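K.L.:
All chains should be built: construct the whole structure from the sequences, respecting the hints.
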Amino acid sequence: MSYYDGRLLLTGLLTTLGLAVAGGGAGFLFGFAVALGRTTRSRAMAPLRAALFVYCLVFRRVPFLVTLLLVFFVCQSMNADLSTLVVALITTGLIATAYLSEIIRGGLESVHADQWQAVQALNFNHWQALRYVIVPQAWRVILPPAVGFLVMFIKDTALASQIGVMELTSAGKVLGNKGLPSMLVYGMILLLYFLISYPLTRLGRRAERRLASTRNH
Amino acid sequence: MPLLEIIDLKASFGSHAVLEDFSMSIDEGEIVSLIGPSGSGKSTLLRVLMGLTPLEQGSVRMNGRVIDYADKAALRALRSDIAIVFQQYNLFQNMTVIDNVMITPTKIRRWPRKEVEQHAIALLSRVGLSDRLRAYPDQLSGGQQQRVAIARALALKPKMLFLDEITAALDPELVDEVLETIRELSSDGITMLIVSHEMGFVRKLSSKVVFMAQGRIVETGTPQQILDAPREARTREFVSKILRH
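Chains as they are written, first to last, in our numbering: chain A, 1 to 217; chain B, 218 to 462.
To give a feel for the contact side, a few chain A residues facing chain B, derived at Cβ under 10 Å:
#, residue
1, Asp114
2, Gln120
3, Leu122
4, Asn123
5, Phe124
6, Gln128
Every beta carbon over 12 Å from chain B, so not counted as near; a handful from chain A, in silico:
#, residue
7, Leu10
8, Gly37
9, Arg61
10, Val74
11, Ala80
12, Thr84
13, Val147
14, Met183
15, Leu200
16, Ala207
No lab work stands behind these hints, which were simulated from the structure alone. Bear in mind the structure is a predicted one, so any value in this text is a computation, not a measurement. The beta-carbon is built from N, C-alpha and C at its ideal position, and this holds for glycine as well.
P.N.:
Right, dumping it as structure tokens:
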């Protein structure tokens, strides 16, 4: 394997990581916003709630690849001159937001209604309640499924190869086409995916343990 | 002028009225107990007064001023005058004992941290928990949690304390430690509105007892009048039932 092959593989690895980190990061950020939007109660927010509901409903039920192609062709039809990498980033963001918002919403709703009643009686406003009481308790419920989703999500970014993004799987294909033994190439790809995902799983477990220790179980 | 005045209050769940024609007043320093069968609207009254359940009709005056429950600022002011202790304690599970007591004064009221901390420690030692400051709620017994909840309410220096069946969720052997705490606090002269089924406690502590049934006041009087010589048949029936246990 040449130096250039190695660089290609490294580029692919970094792209996959970038897609996962950016998509996951955006997913957490926007997912939180979507979840908070969906927990509002006022009548004025009803149209927003409905829109967010439909968004979550649709994007969690459409295959990653279909969303990817849809974003790709929508961008193309709007003559938006975006690189395939940007298209892939938008897609990963859209999907991660839809999934994580549901996980986060579930976590927020898992906090007992008594806690809301107490913060209300103690004069916390909505944001203070979320910040000091609700979110810290929701984390331990959010974290395990969120990590599970992100691990799955890293692997799903492989589909970005379908629109020509040079991520890890594409890099493997290129190397295979160049005549390197497929077993070796895909064996390495497998190892690399594992190397990205495994630490995340471990990190998640550690965070879970730390959160659990703030509460005696 | 009474500290709290309730005039013709009405509240419903759907089409079912849970409070009706409810009027009473509480003077400063008074300890008023609400007694009555389950579902008579005692806890609902406390929730309505705190603005946790909407009132349908009637008005509430605090220090002579009518409270507009739709006005957020008025509601905030009311909730800083009145602190409530719930049946299920409702301590914040993600915080230690001391943080549960300190969070509202420091983060919501923005009182100076040093003073709040001293006050919190003093309150917690008063309720007998000075050795559990760093414990989390679920490391404590129900009675201890309820005592933390009492300290949390008092940390806000309220003018009035609402106690909503604070021993109802406790194992029998833990009831006394909580009641003892309240008994001890009552000597401070803080105004209290108590919902309780502990008749011995009601008798000893209250300056006034209100018996209610089906959302209405049936009879009001001193503990001796209500518990020993009730005038109304319904009161007699309730009192004889509950005293037999």
